[in-house]
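Required output: the full structure, derived from the provided sequences and hints.
For the record, the sequence lines run as chains A and B.
Counting from 1, one number per residue, gives the positions in the first sequence under this note's numbering.
Counting from 1, one number per residue, gives the positions in the second sequence under this note's numbering.
In short, the hints are calculated from the structure, not lab data.
Yeah, the Cβ is synthetic: ideal placement off N, Cα and C, and Gly gets one too.
Just to be clear, a hint being listed does not mean it is correct.
[Said to hold, decoys possible] Here are some chain B residues pointing at chain A (derived, C-beta under 10 Å):
no. : residue
1   : ASP10
2   : PRO11
3   : THR13
4   : LEU15
5   : GLY18
6   : LEU27
7   : ALA29
8   : VAL32
9   : LEU36
10  : PHE37
11  : VAL42
12  : PRO44
13  : PHE45
14  : PRO46
15  : GLY47
[Claimed, not checked] Cβ-to-Cβ under 10 Å is the rule here; a few derived chain B residues that face chain A:
no. : residue
16  : VAL24
17  : THR33
18  : ALA40
19  : VAL41
20  : LEU43
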Amino acid sequence: MTAAPVEGPHAEPPTSWIGRLRTRLEGTLPYEKLLPETQPSYVASWIYVFGVLTLAALAMIVASGAVLAFRGPAWYHVSSTGLFFNSMHFWSVQLFFTFMGVHLVGKFWMAAWRGNRAKTWISGVLAFVVAVGAGLTGYVLQSNFDSQWIAFEAKDGLNALGVGAWFNVANLGQMALIHVFLLPAVIGVVVLVHVLLVRVHGVVPPLEAAKVAEDRAASRAAAEPVPEGVR
Amino acid sequence: MHVLTTIPADPATYLTWGWVSVSVPNLIAILVTVTLFVLAVVLPFPGGHEDAQDES
Chain A
1 MTAAPVEGPH
11 AEPPTSWIGR
21 LRTRLEGTLP
31 YEKLLPETQP
41 SYVASWIYVF
51 GVLTLAALAM
61 IVASGAVLAF
71 RGPAWYHVSS
81 TGLFFNSMHF
91 WSVQLFFTFM
101 GVHLVGKFWM
111 AAWRGNRAKT
121 WISGVLAFVV
131 AVGAGLTGYV
141 LQSNFDSQWI
151 AFEAKDGLNA
161 LGVGAWFNVA
171 NLGQMALIHV
181 FLLPAVIGVV
191 VLVHVLLVRV
201 HGVVPPLEAA
211 KVAEDRAASR
221 AAAEPVPEGV
231 R
Chain B
1 MHVLTTIPAD
11 PATYLTWGWV
21 SVSVPNLIAI
31 LVTVTLFVLA
41 VVLPFPGGHE
51 DAQDES
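Now the structure itself:
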């Protein structure tokens, strides 16, 4: 039986990739950062609520979409319960894009990429772009006149881009699989990365709060006595 | 099949000013988003600064 490795600051450096990954995660994302109980005072503002509202709408989309996927169009286009879940899925999408739009504009005017948060910003933009694709495939899946119009307008645009042979909006089977599996999986991963990056780097402070913090740091540095040897 | 007949199939009403053309549903969505943004910036947050931790 081998002895348990020594824990604490004098522990042996990890020898496997799992150990190295654990050490890195412990350094960049400790539990206090991953699940914080408090937030800076500037987070008590409505504009900071729209990120989590977007996540809540996404949860509703996934939950209602799972029900639709299990019961199928013969149910959700015809029965009153099916139409209710179909409408819930549709309106969750409307809320998702509305909340995400406000979140995006708010973060843009806050210059949310400040303070080493470029990856957080880029992952958010990526989530938006993939969500637009998921929205398009969803509209095409309505299988009504609206979806027919959208599909054949999108077809011309996609053919002009040269991707129509691979991403064919007239292929209902392809659209269904992309909508219910591929894009939700991609959005799930991208959103998870986005939220973890927010945890790692913290919520971006408003421009005024960042200026106040800089001024305070500068005045603290000016007030501190300079060591004798430095003069 | 009665339910299927209630699915709206008519095109939306479009508003046009010169080269700007927007459907009424899209215009409503845009106005709601802009209104939400303005309210989120202007309205005070209830109970703000009570349990919050000041970073400074």
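Going through the earlier hints one by one, which of them does the structure break, listed in rising order? 3, 4, 5, 6 and 16
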